[in-house]
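J.: Here is how the chains run, residue by residue.
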Amino acid sequence: MENQADIIWSYSRRETLETCPKKYYYEYYGTNQKTAKGEVDKAALVQAKAWKNRYLRTGEILHLIIRTYLNDCRNGSRWTINGLIEWARKIFRGDRLYSSGRLSQAELLKCKFKPVPLLEYRFQTQTAEALCLEAEERLVQAIMNFATRSELASFRKGAKYSDAAIEKKFVFKNGIFHGCGQIDLVYPIDDKIVIADWKIGAAGSAEESLQLAFYGLWAVDEYDCNLDKIKLFRVDLAEAKVRQYSFTSNSLNHVKARILQDLESMNMLHRYGVNANAKAFTPCAQPKICTLCPYQKICPKE
Amino acid sequence: MKEANVYIIKGGINFCLDVRVAELRSQDNSPDLFEKACSALSRRHGLPAVKIVNSERRKLLVFSKHPIPYLELRGDNWLAEIIDSGECQRLSFSDRVHRDTLAQLVERMILIAVRKRGDLWKLESNRIWYESQPFNEFEDISAFRRYHFSVVPIDGVGLGLAVHVSTAFFTNWTVADYFRNGTVSSDKGKRERFEYLSQRQKGQKGTLLYNTGKSKHKCYFEEYLDGVTCETTGRIPVKGKTFSSLFDYYQSIRSPFSKHDAVARVSFKGIDRPVIVAARALRLRVMNDALPNSLKQIDKIAPKERRQLIEGFLAELTKSSYLNGKLNIEHHPWRPDTKKCQEIALPSLLFAGGKRLEAPTNPGIQEYRNYYRQRLSLLTEVGCYHVPITMNKYIKVVVPQHIDEKAQHRLATDIESRFVRWTKKSCEVEIVTYATIEEAVTKLHKYPSPGLAIIVFDNDDPATYYNLAYELNSWRIKRITSSELKKKYNVLVNDESRAKDKNGKIPKGVQSWQSFIDLNALDGLQQLGCVPWTIATELNYEGHLVIDVSEDRRHFALSLLLCRRQGNNPPFWIDTIVPRKPDHKKETINAELLRDEILNLFNRIAVKNFVPLDSLLALRDGRECGDEINGIRTAQQILIERGYLRQDAKVDIVDFHKKSVKNIRFWHLIDSQTAENTLEATALYLKQKIAVLANTGAATLHQGTADPIMLVAHDEKTDLTAVVKDVAATAQLNFSNPRVAQRLPLPFKRTDDELKNRAAQEIRRIK
Numbered sequence: 008m009e010n011q012a013d014i015i016w017s018y019s020r021r022e023t024l025e026t027c028p029k030k031y032y033y034e035y036y037g038t039n040q041k042t043a044k045g046e047v048d049k050a051a052l053v054q055a056k057a058w059k060n061r062y063l064r065t066g067e068i069l070h071l072i073i074r075t076y077l078n079d080c081r082n083g084s085r086w087t088i089n090g091l092i093e094w095a096r097k098i099f100r101g102d103r104l105y106s107s108g109r110l111s112q113a114e115l116l117k118c119k120f121k122p123v124p125l126l127e128y129r130f131q132t133q134t135a136e137a138l139c140l141e142a143e144e145r146l147v148q149a150i151m152n153f154a155t156r157s158e159l160a161s162f163r164k165g166a167k168y169s170d171a172a173i174e175k176k177f178v179f180k181n182g183i184f185h186g187c188g189q190i191d192l193v194y195p196i197d198d199k200i201v202i203a204d205w206k207i208g209a210a211g212s213a214e215e216s217l218q219l220a221f222y223g224l225w226a227v228d229e230y231d232c233n234l235d236k237i238k239l240f241r242v243d244l245a246e247a248k249v250r251q252y253s254f255t256s257n258s259l260n261h262v263k264a265r266i267l268q269d270l271e272s273m274n275m276l277h278r279y280g281v282n283a284n285a286k287a288f289t290p291c292a293q294p295k296i297c298t299l300c301p302y303q304k305i306c307p308k309e
Numbered sequence: 032m033k034e035a036n037v038y039i040i041k042g043g044i045n046f047c048l049d050v051r052v053a054e055l056r057s058q059d060n061s062p063d064l065f066e067k068a069c070s071a072l073s074r075r076h077g078l079p080a081v082k083i084v085n086s087e088r089r090k091l092l093v094f095s096k097h098p099i100p101y102l103e104l105r106g107d108n109w110l111a112e113i114i115d116s117g118e119c120q121r122l123s124f125s126d127r128v129h130r131d132t133l134a135q136l137v138e139r140m141i142l143i144a145v146r147k148r149g150d151l152w153k154l155e156s157n158r159i160w161y162e163s164q165p166f167n168e169f170e171d172i173s174a175f176r177r178y179h180f181s182v183v184p185i186d187g188v189g190l191g192l193a194v195h196v197s198t199a200f201f202t203n204w205t206v207a208d209y210f211r212n213g214t215v216s217s218d219k220g221k222r223e224r225f226e227y228l229s230q231r232q233k234g235q236k237g238t239l240l241y242n243t244g245k246s247k248h249k250c251y252f253e254e255y256l257d258g259v260t261c262e263t264t265g266r267i268p269v270k271g272k273t274f275s276s277l278f279d280y281y282q283s284i285r286s287p288f289s290k291h292d293a294v295a296r297v298s299f300k301g302i303d304r305p306v307i308v309a310a311r312a313l314r315l316r317v318m319n320d321a322l323p324n325s326l327k328q329i330d331k332i333a334p335k336e337r338r339q340l341i342e343g344f345l346a347e348l349t350k351s352s353y354l355n356g357k358l359n360i361e362h363h364p365w366r367p368d369t370k371k372c373q374e375i376a377l378p379s380l381l382f383a384g385g386k387r388l389e390a391p392t393n394p395g396i397q398e399y400r401n402y403y404r405q406r407l408s409l410l411t412e413v414g415c416y417h418v419p420i421t422m423n424k425y426i427k428v429v430v431p432q433h434i435d436e437k438a439q440h441r442l443a444t445d446i447e448s449r450f451v452r453w454t455k456k457s458c459e460v461e462i463v464t465y466a467t468i469e470e471a472v473t474k475l476h477k478y479p480s481p482g483l484a485i486i487v488f489d490n491d492d493p494a495t496y497y498n499l500a501y502e503l504n505s506w507r508i509k510r511i512t513s514s515e516l517k518k519k520y521n522v523l524v525n526d527e528s529r530a531k532d533k534n535g536k537i538p539k540g541v542q543s544w545q546s547f548i549d550l551n552a553l554d555g556l557q558q559l560g561c562v563p564w565t566i567a568t569e570l571n572y573e574g575h576l577v578i579d580v581s582e583d584r585r586h587f588a589l590s591l592l593l594c595r596r597q598g599n600n601p602p603f604w605i606d607t608i609v610p611r612k613p614d615h616k617k618e619t620i621n622a623e624l625l626r627d628e629i630l631n632l633f634n635r636i637a638v639k640n641f642v643p644l645d646s647l648l649a650l651r652d653g654r655e656c657g658d659e660i661n662g663i664r665t666a667q668q669i670l671i672e673r674g675y676l677r678q679d680a681k682v683d684i685v686d687f688h689k690k691s692v693k694n695i696r697f698w699h700l701i702d703s704q705t706a707e708n709t710l711e712a713t714a715l716y717l718k719q720k721i722a723v724l725a726n727t728g729a730a731t732l733h734q735g736t737a738d739p740i741m742l743v744a745h746d747e748k749t750d751l752t753a754v755v756k757d758v759a760a761t762a763q764l765n766f767s768n769p770r771v772a773q774r775l776p777l778p779f780k781r782t783d784d785e786l787k788n789r790a791a792q793e794i795r796r797i798k
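Chain order of the listed sequences is A and B.
Take 8 as the starting number for the first sequence in this note's numbering and just add one per residue.
Take 32 as the starting number for the second sequence in this note's numbering and just add one per residue.
Chain A on its own, in the form it takes in the complex (with noise of 0.2 Å):
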């Protein structure tokens, strides 16, 4: 069982709480088989699980065709970039397919990526086709631009460096709490290292602004330098914009310290989560939020 100590914070872990309580009991107790024995609609909640928003899905696609991309590119193989499109559509198509029942036991079997549940078909009929395929063009741009565009050059180049590190996991410990992530791109150029994570979307918030100084902070212990020697960008692929971030050492107690304060919060709950007390955590009951839920049919919303 999960105890107080052991939790360890993550961005989406502290992001799921920020955004809905009770998808963050759903995610980190309800369908943890481990934990929250009690939770009478487990079965329920593993298989809603599973189904996954447009934006999450192609989140993933986008990741997994980069990394591919860049591993194959650092052994010598290229790829065209209508190859990556045509691969990402088709991984797509396939969840597409699969999530609105077109998809034929046959082709289910040749699929290499079992295709993925979306739940705007689950629970956007009417108009989740149409949802989809606007997702899949944002992914095809957001790779295209990856790909061609002359802003991310030197990211290409860098990842091909036998030192750089693609989608590098981390756990990072100081005495007081244990933190984890995973970098999408870290390299080192001349005496300086360089992180980027990607994202599909538009304009920065203060949030992920945290998620880049909590790389920042990692690196600062991993590499024994200042923060000075670490550059941290993130990338908006839908529009190829690249933005850097700066932040101070100052910044980094801030970090610590807005670290803390989310585990306080997740310590206070993680008593009712364990004993499957649901009703601890409230609902965010926002419509646009809920959307994108697996969860919606099974949480009360109120």
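Everything hinted at is true.
Not everything, but these chain B residues come out facing chain A in the computed CB check (under 8 Å):
no., residue
1, D303
2, D492
3, A494
4, Y497
5, N498
6, Y501
7, R611
8, D614
9, K616
10, N621
11, E623
12, E793
13, I794
Hints are computed from structural coordinates only; laboratory data are not their basis.
Even for Gly, the Cβ is constructed at its ideal location relative to N, Cα and C.
With the hints as your guide, set chain B onto chain A.
T.: What follows is chain B alone, placed relative to chain A:
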């Protein structure tokens, strides 16, 4: 004679309105459709309308002598029609069921009249209207008067129009002026000035007034986009349409911005992503903390000036041709009788050794003033009513090394003298100096038993404050800023050599230092668990439980005050807890968490032979309550089972509005032209379930008008007079500043202070 900022609608208790019923037809069931329909009727046809409450069908009541014109409303994915049903109805004040609807309709009539005036503008609320021109300007800041109005039903009197006046500050420079690129140092200074005025260093985003030239909106600063102009923004989507640039959009709405205007990114409530707008359209809202001294006091409006301003507003309003023949408002403000407006008898106070401070017997400014002034003298004379046996008498004054040694020493010795005087015990204050905050923490960790640390530190960075509180969680921390200490000490040194003036008055700098020491020592005293005095007489409720939520909704606070007959163990207890509120998007506290934290608060009562309470007053900082009532009632049952409450204990729940939601003020009228604040603890009863209480007043309030609180009982069984008396009495536990009356009762003061402390530690943005 008392007078309120309320004007009675002529007709009083016989007031009535004939209204028509309209049907709202739509496939869309969203509740906000009603408000959209009412708003459309008001804007397009000048017709005030309200939703019919509890109607099975979707109906509106519209004040119109003629049939309501057919109206079609459209939005993204919805369509609605408003159709006159042919039905008419008479709403009468004499019918209790009609009163709130009637008040709402009249309020909307007045809103239409105010809008038709055309010389006022609104920003965040339909009920708050700003004058077009500032009444005062200083450097880059302008001060605007604004008028708040609302209509309230008053039992036995009729509908009252409450008009309140306040002040708002905006920069007269635009965001573009602060960020204009240049090479001269003054440009950097302008950006720093923007950061200061917006309080962004303290984690605020900066509230902006966005003036498109057509309308005004509230938004929040995200960033200035250096080098980007309205023409070079690239494509932007607005309300489903795509424009080739921001300039293209402004052209479409005929806004007066040029291609070359600079651009800033801002966020609006209700729009999930930040958007770009012309920086020249943005002006910064200046919060009081950032105001220069010359403007700091101008928002304090004394009753006499307030009356005049309100009279001016009313005179303009009653000229309105729109209201002519529809609504008549009394020309003079409401003067409530003595049944409605009462001076609450203040309680006697009990100090150490049974020493009493008797309550004033004849209400009067001087007698009340003495009642407040004598508290500190009595505390000095006889000491605290209660000092914990286990109190840690070793107090640390933790100061940065750069503070003058003499100042350090003076601070420590003066604080020590206060503790000795008030606790009548030996106390030792030790100075701990530090170069960095980390060093201060390390030094304090070396002490075997944590106690009170009065920490002087340099900045108001939330992370520093949070880390201190986190690292020193077993210590009681009192924070003083270096700048404040230096300022007070420098004036002290300047003035101390001067003799008393010819009236025997101590020089100002010395008085100011003494007051600074008193207030900090009094805070420290409370942190150590000392109780300076208690209430000598019995309260109506033995226990007061306060439930409060922070402004940013990141925390909630619970405070428990037990104040009862000697012999009931414990006769006095005060404790506060501040749990986090994980669902900060909602005002309501989750009922499960609330129940458990109430139980947790009671479990902290560390006394043997606890005598169960026979009554408990639960005061909720009232905005909305959701399912909280269930949380409180479930906790009540468990508290009975655990022996904290008697089986038959009376538990009343009352909403406590720190700000009177209807902005009601009242004062004492000396003659037809002159008014002054009422005495402390004056209450105005509006309804059986609603009272307004001003705990501050003429004896100790020297600027502005007393700002009352509002109490709303949850059910009619609650004796509101008893609640008002208790709230006024517990406001006399003004331990933090005994010479001055306190707006809030002690448990609310505690939750309020604690929540402000937590808010000051909260990391909102990573910069």
